[in-house]
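Trainee: So the chains spell out like this:
Protein chains: 2
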Amino acid sequence: MTAYTPLSELGEFGLIKLIKDKVELRNSSTIKGIGDDAAVIEPSEKQIVVSSDMLLEGIHFDLAFCPLKHVGYKAVAVNVSDIAAMNATPTQITVNIALGARYTVEAVEELYEGIRLACENYNVDLVGGDTTSSRTGLIISITAIGEVAKGEAVLRSGAKENDLICVTGDLGAAYLGLQILEREKQAFLANPEMQPELDEKQYIIGRQLRPEARMDVIHDLKERDIKPTSMIDVSDGLASELFHICAQSGVGATIFKDNLPADEQMLEAALEFNLDPITCILNGGEDYELLFTVALSDYDKVKNHPDISIIGKITDKSEGINLANKHGQSFPLQAQGWKHF
Amino acid sequence: MTAYTPLSELGEFGLIKLIKDKVELRNSSTIKGIGDDAAVIEPSEKQIVVSSDMLLEGIHFDLAFCPLKHVGYKAVAVNVSDIAAMNATPTQITVNIALGARYTVEAVEELYEGIRLACENYNVDLVGGDTTSSRTGLIISITAIGEVAKGEAVLRSGAKENDLICVTGDLGAAYLGLQILEREKQAFLANPEMQPELDEKQYIIGRQLRPEARMDVIHDLKERDIKPTSMIDVSDGLASELFHICAQSGVGATIFKDNLPADEQMLEAALEFNLDPITCILNGGEDYELLFTVALSDYDKVKNHPDISIIGKITDKSEGINLANKHGQSFPLQAQGWKHF
Numbered sequence: 001m002t003a004y005t006p007l008s009e010l011g012e013f014g015l016i017k018l019i020k021d022k023v024e025l026r027n028s029s030t031i032k033g034i035g036d037d038a039a040v041i042e043p044s045e046k047q048i049v050v051s052s053d054m055l056l057e058g059i060h061f062d063l064a065f066c067p068l069k070h071v072g073y074k075a076v077a078v079n080v081s082d083i084a085a086m087n088a089t090p091t092q093i094t095v096n097i098a099l100g101a102r103y104t105v106e107a108v109e110e111l112y113e114g115i116r117l118a119c120e121n122y123n124v125d126l127v128g129g130d131t132t133s134s135r136t137g138l139i140i141s142i143t144a145i146g147e148v149a150k151g152e153a154v155l156r157s158g159a160k161e162n163d164l165i166c167v168t169g170d171l172g173a174a175y176l177g178l179q180i181l182e183r184e185k186q187a188f189l190a191n192p193e194m195q196p197e198l199d200e201k202q203y204i205i206g207r208q209l210r211p212e213a214r215m216d217v218i219h220d221l222k223e224r225d226i227k228p229t230s231m232i233d234v235s236d237g238l239a240s241e242l243f244h245i246c247a248q249s250g251v252g253a254t255i256f257k258d259n260l261p262a263d264e265q266m267l268e269a270a271l272e273f274n275l276d277p278i279t280c281i282l283n284g285g286e287d288y289e290l291l292f293t294v295a296l297s298d299y300d301k302v303k304n305h306p307d308i309s310i311i312g313k314i315t316d317k318s319e320g321i322n323l324a325n326k327h328g329q330s331f332p333l334q335a336q337g338w339k340h341f
Numbered sequence: 001m002t003a004y005t006p007l008s009e010l011g012e013f014g015l016i017k018l019i020k021d022k023v024e025l026r027n028s029s030t031i032k033g034i035g036d037d038a039a040v041i042e043p044s045e046k047q048i049v050v051s052s053d054m055l056l057e058g059i060h061f062d063l064a065f066c067p068l069k070h071v072g073y074k075a076v077a078v079n080v081s082d083i084a085a086m087n088a089t090p091t092q093i094t095v096n097i098a099l100g101a102r103y104t105v106e107a108v109e110e111l112y113e114g115i116r117l118a119c120e121n122y123n124v125d126l127v128g129g130d131t132t133s134s135r136t137g138l139i140i141s142i143t144a145i146g147e148v149a150k151g152e153a154v155l156r157s158g159a160k161e162n163d164l165i166c167v168t169g170d171l172g173a174a175y176l177g178l179q180i181l182e183r184e185k186q187a188f189l190a191n192p193e194m195q196p197e198l199d200e201k202q203y204i205i206g207r208q209l210r211p212e213a214r215m216d217v218i219h220d221l222k223e224r225d226i227k228p229t230s231m232i233d234v235s236d237g238l239a240s241e242l243f244h245i246c247a248q249s250g251v252g253a254t255i256f257k258d259n260l261p262a263d264e265q266m267l268e269a270a271l272e273f274n275l276d277p278i279t280c281i282l283n284g285g286e287d288y289e290l291l292f293t294v295a296l297s298d299y300d301k302v303k304n305h306p307d308i309s310i311i312g313k314i315t316d317k318s319e320g321i322n323l324a325n326k327h328g329q330s331f332p333l334q335a336q337g338w339k340h341f
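Line order of the protein sequences matches chains A and B.
To convert, note that position 92 of the first sequence is 92 in the UniProt record's numbering; the numbers rise steadily by one, no gaps.
To convert, note that position 120 of the second sequence is 120 in the UniProt record's numbering; the numbers rise steadily by one, no gaps.
Since the hints were made in silico from the structure, they are not lab data.
Note that the structure is predicted; figures quoted are calculated from it, not measured.
Don't take every hint at face value.
List time: in silico DSS-like cross-link candidates among lysine-lysine, alpha-carbon distance up to 27 Å [said to hold, decoys possible]:
hint, chain 1, residue 1, chain 2, residue 2
1, B, 20, A, 20
2, B, 17, A, 160
3, B, 227, A, 32
4, B, 227, B, 150
5, B, 150, A, 317
Ranges of calculated distance between the beta carbons of each label pair, as one might list FRET restraints [stated by the list, open to error]:
hint, chain 1, residue 1, chain 2, residue 2, range
6, B, 223, A, 305, 50 to 60 Å
7, A, 16, B, 250, 13 to 23 Å
8, A, 25, B, 151, 13 to 23 Å
9, A, 16, B, 259, 27 to 37 Å
10, B, 16, A, 304, 49 to 59 Å
11, A, 18, B, 327, 35 to 45 Å
12, A, 109, B, 151, 31 to 41 Å
13, A, 25, B, 259, 51 to 61 Å
14, B, 271, A, 186, 57 to 67 Å
15, A, 160, B, 4, 36 to 46 Å
16, B, 117, A, 304, 28 to 38 Å
Just so you know, even glycine gets a beta-carbon here, dropped at the ideal spot from N, CA and C.
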């Protein structure tokens with residue numbers, strides 16, 4: 001039987017020490033990490049990019065089915081994903097956490113094990129943050145810092161008419177993974193004896209619980225000498241992100257329905273839940289893939305990439321944002337995204 | 001009568017636009033602010049410092065007596081204070097907020113008015129962040145970025161034997177301001193007709209509700225060519241911060257009780273609450289003054305500064321951390337700080 005230690009036994013400074021002792025620094029730009037009023041970073045000739053996201057228990061994750069280690073990993077990954085979407089390399093993060101009274105030292109260790117693992121995988125240094133108590137559940141607020149050579153940052157505003165619209169991986173799976181987890185939670189609450197059969201859903205559940213930032217694609221694009229003209233990560237849903245790119249670039253877009261990348265498990269789950277798979281792909285969100293545009297002249301460089309789908313083209317603004325089917329019919333695209341309020 | 005607009009009418013993107021439209025950029029290092037996956041910053045030859053803090057309603061502030069504008073101002077000021085404590089100049093912040101369902105657009109505008117005012121006063125650019133919903137109250141997580149010339153950052157670890165221990169302003173007032181506000185809240189709850197008489201307490205209440213980061217002192221030290229050997233800001237309390245400096249510098253310290261800076265209103269309030277004023281000064285916290293050490297050779301430069309008190313000296317580690325009275329008697333100092341868990 002595992003012994004559990006209440007946080008009060010450790011105290012705030014004990015907790016900070018516990019976190020600090022497990023931190024390894026990997027980046028030469030990290031001059032001073034945890035343990036002072038602020039971290040010190042030396043980006044030398046580079047520009048730095050900064051992004052920040054907050055995840056709340058009960059809003060962004062449900063501890064009924066999301067292990068704390070995955071919560072920690074995901075909190076880092078979604079921030080790294082924003083850095084990736086700038087065509088930058090993540091270097092440091094700060095982590096602020098608020099913990100409810102029911103949290104034990106072991107729970108916090110599990111959370112930070114996920115954070116540590118993500119730092120290792122993305123080669124990022126945890127350099128600071130804040131720990132405090134919460135009257136409700138767990139709150140994690142992460143700020144990620146990355147570096148990029150001057151002129152190499154890719155904004156949302158650079159898409160030009162005739163550019164190709166590309167997306168990495170497949171879409172909609174994270175949303176359907178969440179539907180399955182929610183259903184299993186309800187089934188478990190109704191009958192705690194029931195054992196869920198989730199083997200055939202592992203991929204889509206994994207997409208929800210432990211998404212990855214596509215730093216692999218960022219490195220790969222660099223190797224292939226492709227610089228996207230615009231880029232954004234898919235957190236709210238493909239349609240919503242495309243609207244951001246079009247609005248900020250002052251362009252329109254046509255997406256080809258048949259080119260949208262879908263995973264087999266996602267399609268089966270959509271059928272099971274009686275959901276339109278195209279809607280899941282367009283509006284599902286939380287896939288953390290990269291949506292980007294490249295110049296038409298880069299077509300040969302991207303066309304055979306196993307992990308990149310060419311899903312459409314940038315048009316003149318006056319044409320609007322449309323979804324086209326194989327019969328050449330075109331319909332205006334709707335962006336749902338997430339409504340927080 | 002003021003009309004109130006529910007946040008749901010505005011939506012997340014409407015809220016982001018509302019925030020973005022009021023932002024002014026002041027620093028040439030801010031290349032790209034709000035509106036992309038990450039902000040882009042170009043610190044040129046400088047090092048950057050990064051600090052992050054989270055404030056929760058019901059834990060760090062009480063909206064019963066703390067206006068939202070002050071909450072916004074304070075959230076920025078406490079982060080800027082950490083940047084100041086590194087001997088750095090703040091340049092950018094990111095702001096993550098989570099809002100409960102009862103918040104109106106007008107309330108969010110008031111909060112951001114405080115943030116905007118602090119950005120103006122400290123010459124800081126709001127460059128990004130995240131807005132989300134909360135099942136409970138307001139949560140604000142801010143990351144502040146600053147710049148400092150290479151080699152000029154002041155850490156907690158540089159104090160040397162015989163250094164002078166200095167502190168800015170006066171201490172203990174923020175803590176007593178909080179006691180008064182808590183008492184008036186209870187009195188109001190017991191009898192809503194009662195009008196509090198707070199005119200004579202304005203200074204100490206202001207110290208609690210709207211603290212300032214001592215960037216003025218940082219600029220002043222630079223002008224006088226004083227570089228502290230170690231520095232920290234007083235958030236948890238003087239004693240607790242002194243313990244950090246001594247632990248990280250591997251030294252001891254003696255504080256002279258009679259040199260501790262106290263404000264008249266604070267002393268009166270301590271009497272009123274039957275609290276030992278020295279305990280309030282040593283452990284009160286939230287004053288956001290700067291505690292720093294300077295070489296003995298800088299004595300002439302600091303001795304007549306109107307806003308700096310020389311409160312002690314650094315000793316060998318073996319002597320421990322002590323409080324000395326005018327009769328030469330010395331007692332080991334206790335650090336209480338804040339217990340979050």
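Trainee: Does each hint hold? Answer for all of them.
Mentor: Each hint, compared with the structure:
1. B:20 - A:20: Violated, at about 35 Å.
2. B:17 - A:160: holds, 24 Å
3. B:227 - A:32: Satisfied, since the Cα-Cα distance of roughly 19 Å is no more than 27 Å.
4. B:227 - B:150: holds, 13 Å
5. B:150 - A:317: violated, 47 Å
6. B:223 - A:305: 50 to 60 Å: Since the Cβ atoms of residue 223 of chain B and residue 305 of chain A sit about 57 Å apart, the hinted range of 50 to 60 Å holds.
7. A:16 - B:250: 13 to 23 Å: holds, 19 Å
8. A:25 - B:151: 13 to 23 Å: holds, 20 Å
9. A:16 - B:259: 27 to 37 Å: The hinted range 27 to 37 Å holds for residue 16 of chain A and residue 259 of chain B, with Cβ atoms some 30 Å apart.
10. B:16 - A:304: 49 to 59 Å: violated, 38 Å
11. A:18 - B:327: 35 to 45 Å: Hint holds: Cβ distance 42 Å, inside 35 to 45 Å.
12. A:109 - B:151: 31 to 41 Å: About 37 Å separates the Cβ atoms of residue 109 of chain A and residue 151 of chain B, which means 31 to 41 Å holds.
13. A:25 - B:259: 51 to 61 Å: Between residue 25 of chain A and residue 259 of chain B, where Cβ atoms are some 39 Å apart, the hint is violated.
14. B:271 - A:186: 57 to 67 Å: For residue 271 of chain B and residue 186 of chain A the Cβ distance comes to about 60 Å; the hint holds.
15. A:160 - B:4: 36 to 46 Å: holds, 43 Å
16. B:117 - A:304: 28 to 38 Å: Since the Cβ atoms of residue 117 of chain B and residue 304 of chain A sit about 55 Å apart, the hinted range of 28 to 38 Å is violated.
Checked against the numbered hints above, the structure breaks hints 1, 5, 10, 13, 16 and satisfies the rest.
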